[in-house]
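Chemist: Listed below, chain by chain, are the residues.
Number of protein chains: 2
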Amino acid sequence: MKKVNLFESAGFGDLTHKSFLVHDSPYFKIINFNFKPGQGLPIHSHEIEGQVSITVIEGEGEFLGKDGAVLPARRGDVLISDIAEPHGIKAKSDMRVLVTIAPPI
Amino acid sequence: MKKVNLFESAGFGDLTHKSFLVHDSPYFKIINFNFKPGQGLPIHSHEIEGQVSITVIEGEGEFLGKDGAVLPARRGDVLISDIAEPHGIKAKSDMRVLVTIAPPI
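So the sequence lines, in the order shown, correspond to chains U and R.
In this note's numbering, each residue's number is its place in the first sequence (first place is 1) plus 663.
In this note's numbering, each residue's number is its place in the second sequence (first place is 1) plus 663.
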């Protein structure tokens, strides 16, 4: 049993986003990303089995999908995507998100 | 790709907690629980492989562990536990948490 606080573990970076590996095990990988406005993860996908969840802990921005799809990303939003399906995120404000990947990459 | 908002999907219940199945797949199960003060999940464990993460989206309370262990549970806290290890939670305020179980039970 272990506990991490997302408001204490990682700050924000002007040059690039900050990330913190919350947990890695044979079952899932959990990563906290902190984005400043304009920062994010570009649309990407990997041809492997599994799914990813992205939970917005604080702030707002946009989830990015295939064919230019854009979905609002607000606090409390949870996005689920196949790892093999294109997905990304872009921040409009300071934004903390929690990403869970199962099985872990 | 699908999106759920935790502030819109489930309310709170006076008699018992409310829950909402955010996602269920061969990779992970994701459940939102909303607790009123005093509500929660009693300490429990299952003798199976896997781990569970509990993320506090809003509110505060306590994480419960084996041998009477109590850890503060605040917004942004993420608890990781083996499914086979005793774990639980109790709310002190209105509390929204997100539980991810991998592999799904």
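Please note that a few of the clues may not be correct.
Pairs involving identical chains hold if they fit within one copy or between any two copies, as the list cannot separate such chains.
Stated by the list, open to error - Result set (DSS-like, lysine-lysine): computed pairs, CA atoms no more than 30 angstroms apart in a straight line:
# : residue 1 : residue 2
1 : K729      : K665
2 : K666      : K729
3 : K753      : K666
4 : K699      : K729
5 : K755      : K729
6 : K729      : K681
Everything labelled a hint here was simulated from the structure, so no lab data went into it.
Chemist: Against each hint, give a clear statement of whether it holds in the structure.
Modeler: Outcome of the hint check:
1. Within a single copy, K729 and K665 get their C-alpha atoms only as close as 36 angstroms, which misses the 30 angstroms cut-off; across copies the closest is 13 angstroms, which meets it.
2. Proximity of K666 and K729 under a CA criterion of 30 angstroms is satisfied inter-copy only: 15 angstroms between copies versus 35 angstroms inside one chain copy.
3. Taking identical chains as interchangeable, the C-alpha atoms of K753 and K666 lie at most 30 angstroms apart whether they share a chain (27 angstroms) or sit on different chains (15 angstroms).
4. Taking identical chains as interchangeable, the C-alpha atoms of K699 and K729 lie at most 30 angstroms apart only when both belong to the same chain, with a minimum of 23 angstroms there against 39 angstroms between chains.
5. In this homomeric assembly, K755 and K729 come within 30 angstroms of each other (Cα to Cα) only inside a single copy, at 20 angstroms, whereas the closest approach across copies is 42 angstroms.
6. Taking the shortest Cα distances, K729 and K681 sit within 30 angstroms of each other inside one copy (25 angstroms), while across copies they are farther apart (34 angstroms).
The earlier numbered hints are all upheld by this structure, with none contradicted.
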